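A.B. asks: Once you have looked at the hints, place chain Z on chain B.
Here the protein sequences come in this chain order: B and Z.
Residue numbers for the first sequence follow the working numbering, beginning at 1 and rising by one.
Residue numbers for the second sequence follow the working numbering, beginning at 116 and rising by one.
Please note that a few of the clues may not be correct.
Unchecked claim - Cut-off 30 Å, straight-line C-alpha distance, at most; resulting in silico cross-link-like pairs (DSS-like, lysine-lysine): (1) B/27 x B/111; (2) B/27 x Z/310; (3) Z/276 x B/97; (4) Z/276 x B/111; (5) B/111 x B/97; (6) B/27 x B/97.
For the record, the hints were derived by calculation from the structure and aren't laboratory data.
Model, not experiment: these values are computed from the prediction.
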Amino acid sequence: METLMAVLVGIAFAASLYMMMRRSIVKLIIGLILLSNAANLLFFTAGGLTRGAPPLIPEGAEAPAGAVADPLPQALILTAIVISFGVLAFALVLIRKAYQVVQADDLDQMKGTDT
Amino acid sequence: MSLEIALPILLPLGFGAASLAAHRHIALQRWLGVAGTGALLAAALWLLRSVGREGIVVMHMGDWHAPFGITLAADLLGASMAVLTGLLGLATAVYSLASTPIGHERYGHWPLLHLLLAGVTGAFLTGDIFNLYVWFEVMLVASFALLTLGGERAQMEGAIKYVALNLLASMLFLSAVGITYGLVGTLNMADIAAKLGEVDRPGLVSTLAAMYMVAFGVKAGAFPLFFWLPASYHTPPVAVSALFAGLLSKVGVYALYRVFTLIFTQDVAYTHEILLWGAGLTMLTGVLGALAQTEIRRILSFQIISSVGFMLMGLALFTPLAIAGGILYTVQDIAVKIALFLTAGIIFRLLGSYRLEALGGLYRYRPWLGILFLIPALSLVGLPPMAGFIGKLTLVRAALEEGAWGITFIALLTGLLTLVSVIRIWQQGFWRGLPNRVADAALLTGERRDATLWLMYLPVAVLAALILAAGVYAQPLFALSESAAGQLLAPQAYIDAVLGEGAP
Numbered sequence: 001m002e003t004l005m006a007v008l009v010g011i012a013f014a015a016s017l018y019m020m021m022r023r024s025i026v027k028l029i030i031g032l033i034l035l036s037n038a039a040n041l042l043f044f045t046a047g048g049l050t051r052g053a054p055p056l057i058p059e060g061a062e063a064p065a066g067a068v069a070d071p072l073p074q075a076l077i078l079t080a081i082v083i084s085f086g087v088l089a090f091a092l093v094l095i096r097k098a099y100q101v102v103q104a105d106d107l108d109q110m111k112g113t114d115t
Numbered sequence: 116m117s118l119e120i121a122l123p124i125l126l127p128l129g130f131g132a133a134s135l136a137a138h139r140h141i142a143l144q145r146w147l148g149v150a151g152t153g154a155l156l157a158a159a160l161w162l163l164r165s166v167g168r169e170g171i172v173v174m175h176m177g178d179w180h181a182p183f184g185i186t187l188a189a190d191l192l193g194a195s196m197a198v199l200t201g202l203l204g205l206a207t208a209v210y211s212l213a214s215t216p217i218g219h220e221r222y223g224h225w226p227l228l229h230l231l232l233a234g235v236t237g238a239f240l241t242g243d244i245f246n247l248y249v250w251f252e253v254m255l256v257a258s259f260a261l262l263t264l265g266g267e268r269a270q271m272e273g274a275i276k277y278v279a280l281n282l283l284a285s286m287l288f289l290s291a292v293g294i295t296y297g298l299v300g301t302l303n304m305a306d307i308a309a310k311l312g313e314v315d316r317p318g319l320v321s322t323l324a325a326m327y328m329v330a331f332g333v334k335a336g337a338f339p340l341f342f343w344l345p346a347s348y349h350t351p352p353v354a355v356s357a358l359f360a361g362l363l364s365k366v367g368v369y370a371l372y373r374v375f376t377l378i379f380t381q382d383v384a385y386t387h388e389i390l391l392w393g394a395g396l397t398m399l400t401g402v403l404g405a406l407a408q409t410e411i412r413r414i415l416s417f418q419i420i421s422s423v424g425f426m427l428m429g430l431a432l433f434t435p436l437a438i439a440g441g442i443l444y445t446v447q448d449i450a451v452k453i454a455l456f457l458t459a460g461i462i463f464r465l466l467g468s469y470r471l472e473a474l475g476g477l478y479r480y481r482p483w484l485g486i487l488f489l490i491p492a493l494s495l496v497g498l499p500p501m502a503g504f505i506g507k508l509t510l511v512r513a514a515l516e517e518g519a520w521g522i523t524f525i526a527l528l529t530g531l532l533t534l535v536s537v538i539r540i541w542q543q544g545f546w547r548g549l550p551n552r553v554a555d556a557a558l559l560t561g562e563r564r565d566a567t568l569w570l571m572y573l574p575v576a577v578l579a580a581l582i583l584a585a586g587v588y589a590q591p592l593f594a595l596s597e598s599a600a601g602q603l604l605a606p607q608a609y610i611d612a613v614l615g616e617g618a619p
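Isolated chain B (complex conformation) (with noise of 0.2 Å):
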């Protein structure tokens, strides 16, 4: 399970990577976000993977019994993916001002400010 994980992620980096330097600010964004999933999902299996054992303590004991997932990880990952999410939003909406500033879906004509 770990090593399929780990190639999916490889394969979510790599894409969004290729998606990155395409010269559209729209393919651009997809590529942002297939990265902070590729990077969440990176999280998750660097965790741990258990199946089936959730983190609950039985009535009475003061302890979970046994090997039981990981809770934190995934606490952690949701506000990942909560502040990405917000940083995604902001990018398409600056993407769609960019847009009408300067009338092109294309990088290589934004370098005013390069130097």
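C.D. replies: Same frame as chain B, now just chain Z:
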């Protein structure tokens, strides 16, 4: 409970919320802006005093003790950076009163300013690496919005590069945090430092170190990851540019200092060698870029990169003297950069341009402005009696003691080239006569008066006085940097302070 460590984060958050609630009342927002940044400065000074007296100040959020809860921990480095954040927040808030266009104020300049400061102090004071990521994002989102307020073409173009590259760095940082958690099962920085030594996978640890290095290197603007910085920093109004120049890239530098003195010290020969090469190339490319520019704000943007090289040099040499020099240089450079950007804003107000060919005659009509420009500019170059001289002297001495001739040569060469680039601004903007191209020089020659100009002069004058005072009477600042470096190089005290009192 130590309230003083939470206040520098809570105050800007509270004032940000209050100015958001008062979004229809610009005058009230302005008052809140000055009061909030002033309160932040006072709270940060209180924190620095406590840290100076009692050592590292720690607070566990919700009384969940480390390593389970989120910990705030302030050592001397974090506390002094928080003080500088307050000082610079106050300086830019006062300056914004006179310089920020009313449209920007209507669309949230003041709340965003507070939230940006909250993110920056949060990053300086947190002791948890995932929390550091969160504060980075708070800071970034506020800076995205501040950068794009106004919606001009140049701002949009700059913002796309800024957003894309900073998001890439954030995601790399998040991935590194995930792998760290998988490796040691904790996110508290002190706990990671204590447990990473037991992990017997040197390859993975080195990879992790490189991931943090690249992620923070992008944020700091280190070679070869700095290209977003000169493309975007000069596009917003000058008060915002000054805040970015003074603080944002320094947060990346601070994170590098924290992570590479506390956590990744197993293989110093490998990681810090890379940092040393990065530092040398950063300072040289930065200053060469500055020489190629003809617009004041762009020259200064490249000078930010060059200075980051000096800060990294202190970290890379990794001796007590070098780290003290790096901290001292960072502290004075924050004030220098912000003073230079604010001076550029005054020049723009007087002559209506940032381009060198359209400037001139400033020294003839405004000699005091010339002096206010020269103090931070000479500190940037590293000439006595400014604070920058002490910083560079310490760094170069540390490099010579280590026998690092290459970096010494590059540092001194960079100093010389910096002098050339500063002299270009001085010669074209201040020294020569008023060129014919200037459209409207009535303000400069005093035919027309500007009632709010003193609000722009005041912060620059205070910062210049501080830079001069820190150069002439350098002992307190130098002693502070030395003790801060001592704390960084003895991480066991930090680990004990965070984990000790709550450990079962």
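A.B. asks: Now tell me if each hint is right for this structure.
C.D. replies: Quick rundown of the hints versus the structure:
no., hint, in the structure
1, B/27 x B/111, "holds (18 Å)"
2, B/27 x Z/310, "violated (41 Å)"
3, Z/276 x B/97, "holds (14 Å)"
4, Z/276 x B/111, "holds (10 Å)"
5, B/111 x B/97, "holds (16 Å)"
6, B/27 x B/97, "holds (16 Å)"
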